[in-house]
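According to our numbering, the residues represented by the sequence shown are 294 to 394, in order.
Since the hints were derived computationally from the structure, they do not count as laboratory data. These figures come from a predicted structure and were not determined experimentally. Warning: the hint list may mix true and false statements.
To be verified - Here are the simulated SDA-like cross-link-like pairs (lysine to any residue), alpha carbons at most 20 Å apart as the crow flies: (1) Lys353 - Glu337; (2) Lys333 - Phe315; (3) Lys333 - Glu355; (4) Lys333 - Trp357; (5) Lys373 - Lys353; (6) Lys320 - Asn331; (7) Lys333 - Ala356; (8) Lys373 - Ala356; (9) Lys333 - Gly371; (10) Lys333 - Arg365; (11) Lys353 - Val364; (12) Lys333 - Gly319; (13) Lys333 - Glu363; (14) Lys373 - Phe330; (15) Lys353 - Trp343; (16) Lys333 - Val364; (17) Lys333 - Tyr361; (18) Lys333 - Ser316; (19) Lys320 - Glu337; (20) Lys353 - Phe330; (21) Lys353 - Asn331; (22) Lys353 - Gln341; (23) Lys373 - Tyr361.
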Amino acid sequence: GSEFISRDLDLWAYTRGVVLDFSRPGKPTDNAFIESFNGKFRAECLNQHWFMSLDDAVRKCEAWRRDYNEVRPHSAIGNKVPISLVNRSAAHGPPLPVEAG
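My request is simple: use the sequences and hints to build the entire structure.
Here you go:
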């Protein structure tokens, strides 16, 4: 049940130094950014795909994440891609892999 999921989540967060911060019930404005993100993620990825396996889910969610952060412009940041704010050389797409050797 949910009580076991909650315990597992608490343990996971504690062992990784993650502070859990929950919005009050019925108060989505407590954390409007994450509410907006979660809505987009559900509508554009989770509700759109029937995952055939865990690997399939990982691949599709990763493709969505890369598009969201590295390709799609966001109006809240001047129609730039989010990665461009972190890595100026990536303003026009994802970084290229560096060859080992």
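Hints and how they fare:
1. Of the pairs offered as hints, the one joining Lys353 and Glu337 holds, with about 11 Å between alpha carbons and a cut-off of 20 Å not exceeded.
2. The straight-line distance between the Cα atoms of Lys333 and Phe315 is roughly 19 Å, inside the 20 Å bound, and the hint therefore holds.
3. The hinted pair formed by Lys333 and Glu355 meets the criterion: a straight-line CA distance of about 15 Å does not exceed 20 Å.
4. For a cut-off of 20 Å, the pair hint linking Lys333 to Trp357 stands: about 10 Å separates their Cα positions.
5. Restraint check for Lys373 and Lys353: the C-alpha separation of about 23 Å exceeds 20 Å, so the hint is violated.
6. Of the supplied pair hints, the one linking Lys320 and Asn331 holds, its CA atoms being roughly 15 Å apart against a limit of 20 Å.
7. Proposed proximity of Lys333 and Ala356 is supported: the alpha carbons are some 14 Å apart, at most 20 Å.
8. A distance of roughly 19 Å separates the Cα atoms of Lys373 and Ala356; the hinted pair therefore holds under the 20 Å criterion.
9. Pair hint Lys333 plus Gly371 holds up; C-alpha atoms about 19 Å apart against a cutoff of 20 Å.
10. Only pairs whose Cα atoms come within 20 Å are accepted, and Lys333 paired with Arg365 is accepted, the gap being roughly 13 Å.
11. Note on Lys353 and Val364: the hinted pairing holds, with a Cα-Cα distance of about 15 Å set against a maximum of 20 Å.
12. The hinted pair formed by Lys333 and Gly319 meets the criterion: a straight-line CA distance of about 19 Å does not exceed 20 Å.
13. Taken as a hint, the Lys333 and Glu363 pair is honoured in the structure, with Cα atoms around 16 Å apart against an allowance of 20 Å.
14. Taking the CA atoms of Lys373 and Phe330, the gap is near 17 Å; set against the 20 Å cutoff, the hint holds.
15. Our distance criterion of 20 Å between C-alpha atoms is met by Lys353 and Trp343, whose separation comes to about 10 Å.
16. The hinted pair formed by Lys333 and Val364 meets the criterion: a straight-line CA distance of about 15 Å does not exceed 20 Å.
17. The hinted pair formed by Lys333 and Tyr361 meets the criterion: a straight-line CA distance of about 10 Å does not exceed 20 Å.
18. With a CA separation close to 18 Å, the supplied pair Lys333 and Ser316 stays within the 20 Å bound.
19. For a cut-off of 20 Å, the pair hint linking Lys320 to Glu337 is broken: about 23 Å separates their Cα positions.
20. Distance check on the hinted pair: Lys353 and Phe330 sit about 17 Å apart at the alpha-carbon level, within 20 Å; holds.
21. Proximity of Lys353 to Asn331 is assessed by CA-CA distance (about 16 Å); at most 20 Å being required, the pair is judged to hold.
22. Distance check on the hinted pair: Lys353 and Gln341 sit about 10 Å apart at the alpha-carbon level, within 20 Å; holds.
23. Only pairs whose Cα atoms come within 20 Å are accepted, and Lys373 paired with Tyr361 is accepted, the gap being roughly 11 Å.
The structure fails to meet hints 5 and 19 from the earlier list, while all remaining hints are met.
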